[in-house]
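Enquirer: The primary structure of each chain is shown beneath.
Number of protein chains: 2
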Amino acid sequence: MSAVPASTAAAMNLSSSSPPSPSFDAASWSQNHLARVEGALSQWVGDSAPAGLGDAMRYAVLDGGKRLRPLLVLAAYEAACSSAGAGAAAFDDAALRAACAVELIHAYSLVHDDMPCMDNDILRRGKPTVHVRFGEAQALLAGDALQAFAFELLTPDDSTTPAATQAALCRLLARAAGSAGMAGGQAIDLASVGIALTEDQLRHMHRLKTGALLQGSVLMGAVCGHAAQPAYKALSDYGAAMGLAFQVVDDILDVVADSATLGKTAGKDAAADKPTYVSLLGLERAQAYAQELLHEAQAALTRSGLPDTRALAALADMVVRRSH
Amino acid sequence: MSAVPASTAAAMNLSSSSPPSPSFDAASWSQNHLARVEGALSQWVGDSAPAGLGDAMRYAVLDGGKRLRPLLVLAAYEAACSSAGAGAAAFDDAALRAACAVELIHAYSLVHDDMPCMDNDILRRGKPTVHVRFGEAQALLAGDALQAFAFELLTPDDSTTPAATQAALCRLLARAAGSAGMAGGQAIDLASVGIALTEDQLRHMHRLKTGALLQGSVLMGAVCGHAAQPAYKALSDYGAAMGLAFQVVDDILDVVADSATLGKTAGKDAAADKPTYVSLLGLERAQAYAQELLHEAQAALTRSGLPDTRALAALADMVVRRSH
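Heads up: the sequence lines are chains U and V, in that order. Going by the numbering used here, the first sequence runs without a break in its numbering and finishes at 324. Going by the numbering used here, the second sequence runs without a break in its numbering and finishes at 1324.
Hint data in this document are derived by calculation from the structure and do not stem from the laboratory. There's no promise every hint is true.
[Unchecked claim] Partner residues aside, some chain U positions facing chain V, computed with beta carbon under 7 Å:
1) H112
2) T155
3) Q166
4) A183
5) A187
6) I188
7) D317
[Said to hold, decoys possible] Listed next, with one range per pair, are the computed distances between beta-carbon atoms:
8) V:E1292 x U:G126: 33 to 43 Å
9) U:Q43 x V:E1284: 45 to 55 Å
10) V:S1048 x U:P230: 21 to 31 Å
11) U:D317 x V:D1200: 48 to 58 Å
12) V:S1028 x U:L34: 56 to 66 Å
13) V:S1048 x U:D55: 32 to 42 Å
14) V:V1193 x U:Q43: 44 to 54 Å
15) U:D157 x V:E1284: 51 to 61 Å
16) U:D25 x V:I1195: 51 to 61 Å
17) U:G126 x V:T1302: 54 to 64 Å
18) V:D1063 x U:R133: 47 to 57 Å
19) V:Q1043 x U:A27: 45 to 55 Å
[Said to hold, decoys possible] Not the full set, but computed from the structure, chain U residues with beta-carbon under 10 Å of chain V:
20) S109
21) E152
22) P162
23) G282
For clarity, every value in this text was computed on a predicted model and none was experimentally measured. We treat Cβ as the ideally placed atom computed from N, Cα and C, and that holds for glycine.
Next comes chain U alone, as it looks inside the complex (with noise of 0.2 Å):
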């Protein structure tokens, strides 16, 4: 997989930031932005991986998914290019390359947490997971390369986009997926399994499991567009209530939803004797918990001072009103 020419997002025509008009029609700003990023990815991952690894990598990436993450790297750029005097137009290919590089890191540890050594799951937005389809040695390999292809996307060599920005989305990236985020706080719910956490216990474990990654998905966007501090600030506290939120929603659905509107097993971390937000608080207190997030979320929205935040306001009604 060598380098991807800057070229190719600028021709995927990732639209700069547009002065805010009157109406928001999330729902087309989501699909708009969806078909970038899938178009993106779809081009990008696996196109010249040896030996069926490129099969692997673009099963466990194409055709799935919310894509929360590179929806909330795009919608904090638009966020940031918004605010006045930021000539946005030049680093879209940074941001559509830092909305792909979330991605696959997400991806990745999807199909590492599916393996049979970790959660042993078969099943993965409705379809047999990478192990499954492709072996344990496969889904290994498969990750470690998606991981790897996350930094590759961020620093192209032929890009427009300046190096200091390339050094701090690898810098964010990094930190979001390592020991002190994605990858410690898996190590903190393996070690949990059947242990009473305290609610800071666990709010510290869902902080670095998927929070942190959620809320780095936000500064990558921010980075990407520029934010000056206290914008920056601001959009650093809606990611970190934003990504709480999604996780106590998660719990909730875990109780509340089937399998089949999920998309993968359901109950199973009441099976697994998980502790969560809907066992430690109860289910009224986790759904009125989630409520208090989103407010955090969007009163961080609102002190960012940025002229159009609504498409991450939009994300964040999103994440704890979905079914799924």
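Keeping the supplied structure of chain U fixed, place chain V upon it in accordance with the hints.
Expert: Just chain V now, kept in the frame of chain U:
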């Protein structure tokens, strides 16, 4: 694992290049530089990773291995700095970080390679493998976290290393580790068991599986030392020849050495019916080929025009003459 202060590396006193001295003591050079790498790895790896993850990461990385890749980074860095007019001292921190980053990638690949779904090996560097010691799930996570940490090490936010260098290092490492490099080579390896490869196919597999990261190590050192063309190209040729020589010798040692000397299971390639240079060329021609590659590597160093490439020459020599 938060950002590592740039000053840490400075405090470790990684020397900038000194003028070529009349005699070169390769053993002292290696010992001196190994101590710096070991010190940095010990300080940086897994220091604050939660829930036992840090222990598994440190076990995978510390107290073992030849550290060939880090030494290649530092030797290439110093060779590049030996060029007239190169101002090197300011980038010592980048070179030490790059040296550690390539070792983290190497270490993670061993952890994942040893897992039951891959080579199912229980002995590595004379010790139980990570999954034997910590369980498969923790081994999987430790490998994942080590890969992420490699990129985190390359992108410190309080460093004097220029962003362009940081981005270039991430680019080189991601390509060397990913589907066009190490992970791709492993996929070919997986698909090649019991298959008669041609010499070209075997060479392609090894250029990816082990060659890419060895060559990448040389190139990362060259980038830290700001090697100009044509020295960069010559160092790349050196890295390619030396990387392939490494694998040819590995294949030879798998046949002629015993497990105690290797610190890992000997004869396992033959037992697994994997194609090797020895099975393809026979022992004698494989040994001659290793010598030929050593000469190629030495010729490339001469061609580089760099005043002092003695450490790189000594490392190539060591690669071919090693007994384990």
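Enquirer: Each hint needs a verdict: does it hold in this structure or not?
Expert: So, going through the hints one by one against the coordinates:
no.: 1; hint: H112; in the structure: holds (6 Å)
no.: 2; hint: T155; in the structure: holds (4 Å)
no.: 3; hint: Q166; in the structure: holds (4 Å)
no.: 4; hint: A183; in the structure: holds (4 Å)
no.: 5; hint: A187; in the structure: holds (4 Å)
no.: 6; hint: I188; in the structure: holds (4 Å)
no.: 7; hint: D317; in the structure: violated (31 Å)
no.: 8; hint: V:E1292 x U:G126: 33 to 43 Å; in the structure: violated (54 Å)
no.: 9; hint: U:Q43 x V:E1284: 45 to 55 Å; in the structure: holds (48 Å)
no.: 10; hint: V:S1048 x U:P230: 21 to 31 Å; in the structure: holds (28 Å)
no.: 11; hint: U:D317 x V:D1200: 48 to 58 Å; in the structure: holds (57 Å)
no.: 12; hint: V:S1028 x U:L34: 56 to 66 Å; in the structure: holds (59 Å)
no.: 13; hint: V:S1048 x U:D55: 32 to 42 Å; in the structure: holds (38 Å)
no.: 14; hint: V:V1193 x U:Q43: 44 to 54 Å; in the structure: violated (32 Å)
no.: 15; hint: U:D157 x V:E1284: 51 to 61 Å; in the structure: violated (43 Å)
no.: 16; hint: U:D25 x V:I1195: 51 to 61 Å; in the structure: holds (55 Å)
no.: 17; hint: U:G126 x V:T1302: 54 to 64 Å; in the structure: holds (60 Å)
no.: 18; hint: V:D1063 x U:R133: 47 to 57 Å; in the structure: violated (39 Å)
no.: 19; hint: V:Q1043 x U:A27: 45 to 55 Å; in the structure: holds (51 Å)
no.: 20; hint: S109; in the structure: holds (8 Å)
no.: 21; hint: E152; in the structure: holds (4 Å)
no.: 22; hint: P162; in the structure: holds (7 Å)
no.: 23; hint: G282; in the structure: violated (26 Å)
Hints 7, 8, 14, 15, 18 and 23 from the list above are not met by this structure, while the remaining hints are.
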